[in-house]
Amino acid sequence: MTVTDAPPSDGVARLLDADGTRHAAPDHDRWLEDLDEAALRGLYEDMVVVRRIDAEATALQRQGELALWPPLLGQEAAQIGSGRALRPDDFVFSSYREHAVAYCRGVELVDLVRVWRGIAACGWDPTAVRMASPQVIIGAQALHATGYAMGVLTEAVNASGADDPDGPDLDVAVAYLGDGAMSQGDVNESFVFAATYQAPVVFFCQNNQWAISEPVDLQSRVPLVDRSAGFGIPGVRVDGNDVLAVLAVTREALDRARTGGGPTFVEAVTYRRGPHTTADDPTRYRDAAEVEAWARRDPVDRFAAYLRGAGVLDDDEESRVQEAADRAAAAVRAGCTALRDPDPLTVFDHVHAQEHAGLAAQRAEYAQYLDGFVDDDVTEGQS
Amino acid sequence: MTVTDAPPSDGVARLLDADGTRHAAPDHDRWLEDLDEAALRGLYEDMVVVRRIDAEATALQRQGELALWPPLLGQEAAQIGSGRALRPDDFVFSSYREHAVAYCRGVELVDLVRVWRGIAACGWDPTAVRMASPQVIIGAQALHATGYAMGVLTEAVNASGADDPDGPDLDVAVAYLGDGAMSQGDVNESFVFAATYQAPVVFFCQNNQWAISEPVDLQSRVPLVDRSAGFGIPGVRVDGNDVLAVLAVTREALDRARTGGGPTFVEAVTYRRGPHTTADDPTRYRDAAEVEAWARRDPVDRFAAYLRGAGVLDDDEESRVQEAADRAAAAVRAGCTALRDPDPLTVFDHVHAQEHAGLAAQRAEYAQYLDGFVDDDVTEGQS
Amino acid sequence: MSSATVTSRATGTTETTGPGGAGQATSGRAVSTLTLSRALGAGLRRAMSDDEKVVLLGEDIGRLGGVYRVTDGLQEQFGRHRVVDTPLAESGIVGTAIGMAFRGFRPVVEIQFDGFVYVTFDQIVSQLARMHARTAGRVPMPVTIRIPVGGGIGAAEHHSESPEAYFAHTAGLRVVSVADPQDACTVLRQAIACDDPVIFFEPKRRYHVKGEVDEAIELDAALPMDAARVLRTGTDVTLVTWGGLVGTALDAASAAADEGVSIEVVDLRSLSPIDHATVAASVRRTGRLVVTHEAARTCGLGAEIAATVTERCFEHLEAAPLRVTGHDVPYPPARLEQHHLPDLDRILDGVDRVLGRGGVATR
Amino acid sequence: MSSATVTSRATGTTETTGPGGAGQATSGRAVSTLTLSRALGAGLRRAMSDDEKVVLLGEDIGRLGGVYRVTDGLQEQFGRHRVVDTPLAESGIVGTAIGMAFRGFRPVVEIQFDGFVYVTFDQIVSQLARMHARTAGRVPMPVTIRIPVGGGIGAAEHHSESPEAYFAHTAGLRVVSVADPQDACTVLRQAIACDDPVIFFEPKRRYHVKGEVDEAIELDAALPMDAARVLRTGTDVTLVTWGGLVGTALDAASAAADEGVSIEVVDLRSLSPIDHATVAASVRRTGRLVVTHEAARTCGLGAEIAATVTERCFEHLEAAPLRVTGHDVPYPPARLEQHHLPDLDRILDGVDRVLGRGGVATR
Ligand SMILES: Cc1ncc(C[n+]2csc(CCOP(=O)(O)OP(=O)(O)O)c2C)c(N)n1
Ligand SMILES: Cc1ncc(C[n+]2csc(CCOP(=O)(O)OP(=O)(O)O)c2C)c(N)n1
Ligand SMILES: [Mg+2]
Ligand SMILES: [Mg+2]
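Chains as they are written, first to last, in the UniProt record's numbering: chain C, 1 to 383; chain U, 1 to 383; chain Y, 1 to 363; chain W, 1 to 363.
I should point out that these hints are in silico values taken from the structure, not numbers from a laboratory.
Label pairs and their computed distance ranges (CB to CB):
(1) Y:Asp220 x C:Asp349: 23 to 33 Å
(2) U:Gly261 x C:Ala293: 25 to 35 Å
(3) C:Gln368 x Y:Ala257: 35 to 45 Å
Backbone N, C-alpha and C fix where the C-beta goes; we use that ideal spot for every residue, glycine too.
All chains, full assembly: derive it from the sequences and hints.
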């Protein structure tokens, strides 16, 4: 492996330069000691696969199979690096673009697209994969993560009987949020609560430079990483296109939370290379040159270059990985196109956990209405 | 005057010790150069008068003349020092406890108690005194102040034609808020907006250590003054019981805003010596010892000691001031007890600026209803 | 306009405690006399003792015991991790309660006053109300939001609101309102035990009303949380209300009886779902409906009740359902609130009008 | 339940553009054909040209021109101090707009989608709506809040809401809803010119509907913002709706006419105040009322309209007013929205039922 000593000079934790050069950084490296070649290849495969899935979903949207898709192109390292740092018992509260995090949580491939096909509000069972439904209301999930973490603490206190459990080993809640989300009241309130209770929560902000058409400097004239200190929460800025650095800082943040050290704020500096969603036209508000510049800092290329230099990746491995990616994409496509629309009456399902007389009456009324349309000589329809 | 050189060592801007010893502090003193003896006596009189008004209002509440009163006892320096720093054309957006600020704005004495007698939602004409109605929803006013300041900037830009008006002399909006308010989303959003637009607004936070029964460390584990930097807003911590220091830092902050330097956050460290409101019983949640300790740092006593030491205050002047205070209190009392309940139909007034058919009908209906009660042989009632 | 000399038909405005455990199954235990606010505290204590997943969140609920002392003593008993004084941020309170529910807790949130609920509106209507549906039933939200509600107490701005229609219009929530100490204790326990989010309204003006309370009543045997109840039978007019106006409605019924008008008083109790069956059954008997509430008239619950009763009882109605409500104005300053709130006279005026007798206004 | 094969009675679902400037006084200028979204932009441009105190605030409204391109080109024309891209915080947007109104501006706020309005609910209902009353008329709040509203566009969660009842229930606000390009342009200009805060709903599903628009219409001569209008006269049933369902209602009326049923269609336009006079006059002629809206039924505007019509037209009603609405559910995923939204068939079913003909369900 090529490892140079030059530390990054911009206050950003970085282990890999854009060209794949690896820097030694003892503070971060100690969180990566277990990474053998297989693990490195695993990270690479993860990034390639989620990029391929993302491209496939974008294509599915263009073909009318999905109603909408928010591409993650460019944010693979931020999402895989952080997602792979988590323990199975941690719990993720994300925004809508964290497909790669969901992938890390073990969400079934087809489940990644259910929401975007317009057939469900949540594609998976949050309790099974320990990841909440994608949140559309910007920032709301930061409070959910904080409350979850408060619950983790309460449980620990109840279990130990002590006010400050000794040498705890806590599950951690992770809130994913964007640069735009930093302006929402809810996010700032979540910092207040997390700090007050020293809750085991990590705020992972992907600063992808844009909130739809708004550049990050409209949200803040100082680096986002500076925000948390004023709430009493340590902040760390990491190169979000460097999967190793992201993995390291996330592991450190998780460890702090796990051991009773309270919340951490991570700003992962990255870039949304695609449109905000498939409904967006970014050429209206940003320059091709900027997009180009960030393409040269691409997280996947960078990691590939490093791995090739380190002899961990060769052409054979590359084609194996590409095949895995193609298989994943094919699975997404096949799964997606096979998805059927839900039964009409499911509109009424799960609105309440216990029967609600008013809604039960509406359901019966609507069922009767639908029955009025049934052609007696037609056999029962699809689904 | 006794002026020592020992600077305060706790990061808090302070010119007067609790015993009235005056420190030299060139950075702050330069904002006080115009203060002659008359001005110093004026500040003292202000503080004594508002303390007396506050006591009278508390008494009026105990006697059933007011429905409620939130005493400012202990916060006179913070409010007079900042209130007297303002220009007439600045605009104040306050919370509910800023009676002394309202006094500085020239609000009529009786108008201070209208709201608390339960006969009006705002005691004065905000456009006349350039101070909005007291805000009850914690933190909401911080956004109003910020928007007002954005408007000031917009006007300046429109007037000058230039994007960044040269050598501006802007009106400033001042938001008063409490330590508890620092946790509200709206306050944090106001920091975002103020920073983004570099609006001429000063956030003046009276950290009086308590939000009803909650100590400030429940809101933040780090000093409140640290909050603003992470939004890109300079913060300054001042001894809120030192009227000179408060005056100096507020003047500086206003000057920054006025000249295009953008927002400032001021944390004035003070103490709410009385109950949260007359409905509160603080003995349930705080110790007499703490209250005692803060009584020894009293802002009025401190300033009196300094002025006496400096030969600006003597017994004659003191009785003149006390008489002025008594006159003000008497005026409040006389004005208050003379206030009559509003006419019933004013319930419908000013809900809309232009006639609203639905409400007009309700008004007519209710007027007719009231007319049904009129005893023909009784002459028209009170009010 | 000249102010009118108002002569009330009421002989007095003595607080009634309501019928207490009407329709409640008691388990035979000794009952004690409690104020409504103490009864709420008793309900909370029992819910917390029964289920360690019950936690309380709110401003000033710990050492102070809440501004109405409802949680008095609970932090001492259950510790500061189960009775949690929160930072001053309501969206934060409800948002973190949602997170705790994700972790399996049953948070009970106190919003200090009705007027402070709007800053957390999104967390209630977009998050709390929808999470169970959003997750296809995987993540229930057994969160109870306690809100002191309504006027009549001479309070400052934002302390006398009646926001129930906002929540009754919001799918996914349940909304209840209690009017007497026994209901306060029992329905609060039912709300906490319910797997759906519940907006729980506590009428401020009745916090000090006393009544007999059996804290240990069997929840399943008690009148269900979503049932209305007839508090007084009558034959001429059905009078529907809830919460703070229940006492006034009963007083009105007494006063009307003296004049020979028989009013059936229905305490709606549940505002979502609305027990339309009970209301409609009553209106089918009386042929006339008056609904009274403190909230503004337009799009208030009165409209929903009137519309549904008309749908269900059209052939039985002798007159159009009539609403006696707060005006479409921001809650007025305290000294004017009696001209905003329905009182005994306005209710009787409404009753007269629905009976075609003109009412005060046109007498 | 087995899914049903749905056979629509509609021959097609062609978009109608509505009657354009029905009831509008034109100043004789040449008109142009615009989509509803362009008509809104034209209205904004004119309001900004007429009054330099008009400023726009919102997310992505500048360079991007808004996600629906309503503000396209306005920042270029008026500069970034009058067309202000804001940080991503709706409470901040409305709160600062209030502050700007204090300074004498007439802010026009864009909330990007209906579902994002709840995070600024307090600033709207506790601050904006009350400031004029709070200050005894000293501080008017001429703030217009533009909200793309409603469903039928296959959108993601929180992008298809119909929150009008929340605002119609809030004293101090005006609430309007437009359905065609001419109204879009004119009513938006009227809203901006109004000294009261106005919630201005833009039906998303009609953004692309085209119609003739006279941008320069005299505001005072035009149909007032708070008036309803009869879009199609009829004798059997009055059908009241607004915004996104106006086109559907007109289609339904056409379809019904083919079957011999004469429907009078009222575009309510103003949701606060409601022009009850126009509605009641129509119901007095027809004897029957159907109200249709996308929002949930319980405590929706339909209840208010039904209740008020019953109050005013009791003797004229042949049947109970009937509501055809969204269900009391969170807005469903896009592929199910057709089972939530009233459509032509559900409206006709309601018409049949109010005519005592059973309707689809019981045929
Ligand atoms: C409360 C709210 N306001 C506005 C929106 C519309 N909206 C959706 S995504 C987005 C930008 C978010 O930017 P950022 O937080 O940086 O996340 P990114 O999309 O870059 O991942 C906006 C404004 C929303 N979903 N919720
Ligand atoms: C949104 C909101 N939540 C709660 C309250 C109730 N409340 C009134 S004052 C107060 C404490 C405020 O503390 P702080 O901001 O420190 O101001 P202080 O009273 O000390 O001047 C609380 C919780 C409120 N008025 N508004
Ligand atoms: Mg972003
Ligand atoms: Mg305080």
